[in-house]
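Asker: In order, the protein sequences belong to chains A and G.
Counting with the numbering used here, you get residues 1 to 371 for the letters of the first sequence.
Counting with the numbering used here, you get residues 1 to 101 for the letters of the second sequence.
Be aware that one or more of the hints could be misleading.
Listed next, the stretches of chain G that the computed footprint assigns to chain A, with coverage defined by at least 3 CB atoms under 8 Å from CB atoms of chain A [stated by the list, open to error]: (1) 44-52; (2) 58-67.
Computed footprint of chain G on chain A, listed as stretches where at least three residues anywhere in the stretch have a Cβ under 8 Å from a Cβ of chain G [stated by the list, open to error]: (3) 47-59; (4) 67-81.
Think of the hints as simulated: they come from the structure by calculation, not from any bench.
Beta carbons are placed, not taken as given, at the ideal position from N, Cα and C, and that holds for glycine.
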Amino acid sequence: MSRVRLLVGTRKGAFILTSDGKRKDWSVSGPHFAGWELYHLKGSPVDPNRIYASQTSGWFGQVVQRSDDGGVTWNAVGNKFVYDGEAGTHQWYDGTPHPWEFKRVWHLEPSLTCPDTVFAGAEDAALFRSTDGGNSWEELAGLRTHGTGPAWQPGAGGMCLHTILLDPENPQRIFIAISAAGAFRTDDGGLSWKPINRGLHSQYIPDPTAEVGHCVHHIAMHSSRPGTLFMQKHWDVMRSDDAGESWTEISGNLPTDFGFVIDVHAHEPETLYVVPIKSDSEHFPMDGQLRVYRSRSGGHEWEPLTQGLPQSNCYVNVLRDAMAVDSLDSCGVYFGTTGGQVYVSPDGGDTWQAIVHDLPAVLSVEAQTLP
Amino acid sequence: MTARVRVELPAHLCRLGGISHEVEISIEGAVTQRTVLDALELTYPMLEGTIRDHTSKLRRPFIRFFACEQDLSHISPDDPLPAEVIEGKEPFLIIGAIAGG
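Chain A extracted, bound-state conformation (with noise of 0.2 Å):
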């Protein structure tokens, strides 16, 4: 029978949580690296027992963890995130220039292909690669060095590059998302990159459709379509289906469409869901009631979906990377809370209970269907 491993990153360290296909029980393990801030873990698809970690700290930098037990045992591997050459500057929150400064990495993404390549999205924006189980690290520079670099600013939350999306038909060409420079494309393997944000409208920037500068706060894809994107943007959830040549507005019925988190149903390329979060200067939901929309239509018609999740004297949000899906039959979604609580749907949205209610603050949600 299938089992499914989460791997949850919070503020204060990790936590596994394991269960068998009706994802119902549930064990934990952790938190592994207590006390420090774990952004993102990532197994990889060729090998799941080969887990990625990011572990950082204000005190003591950045750590890239590698398990490869499935996270029983873990082994600090390369921290050396050096930008290519000069890393000159981007615009400060007050428009002035200010030097690229590594920070930490937001988001780890696994080859789709090779266990020991590896993605990691850096704060301040920048994309690097390992091809060796992350001892080292390249800087793929032609992102950071494009024209509209010294132009791009951070985001509430930092100049983070968040978000890396692998095409699984074309090994050339990758997705990423940096808030708030917006979203760029390679096609030539992280050689050079292009801004992909046409159609995207940000009414709290200068030039409202311009080529960079938009708050993109997350992206997702089904593999079996990669060439098309959905975005929840800082205000908007939009889509393309030109590999984000151009960009359309999904929102639709949505009670607010700010948000961070998106994702896509595993077996159905067009049932998305969000968790809609009441606007940017406050981070909850609307009326205290922690609700997912989903839409059964690739987007505009929205459903809310309560069962099992607080509707009353909520007050949590749903980070970037706090959302999964899992790709047993019947497709289990997750997501987890600033409140620390890890919810669990295994119906596909349409009944939820929390696996665990008191972790740190979850900053990322990773689903791992295994055999």
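Following the hints, complete the assembly by docking chain G onto the known chain A.
Answerer: Quick look at chain G alone, frame taken from chain A:
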């Protein structure tokens, strides 16, 4: 002459390195912050980048160095450490600054 210097590390770095609260490291020649940290990182390479920057070798902002009840955080990394540290009578303390939650 080989100096045997005692180094105390914060708990997070002890766990990261799989080491006890205090380690003893051997140093040939001058005993300075730089030579102590060079030797420490050579023995425990997973600590590279956690105490000082990989490239600039500057102390990370929230790390402090103490010994013999003195704050040594702002002395030159090439200044000799106190004699008591060189002689192994007092430890060289690497401290995570008290800040945040």
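Asker: State for each hint whether it applies.
Answerer: We went through each hint and held it up to the structure:
1. As drawn, the stretch 44-52 of chain G meets chain A at 5 residues by the rule of a beta-carbon pair under 8 Å; at three or more, the given contact holds.
2. As drawn, the stretch 58-67 of chain G meets chain A at 3 residues by the rule of a beta-carbon pair under 8 Å; at three or more, the given contact holds.
3. Proximity of the stretch 47-59 of chain A to chain G, defined as three or more residues with a beta carbon under 8 Å from a beta carbon of that chain, is established by the 3 residues found.
4. Figure legend: the stretch 67-81 of chain A, annotated as covered by chain G; annotation consistent (3 residues with Cβ-Cβ distances under 8 Å, at least 3 required).
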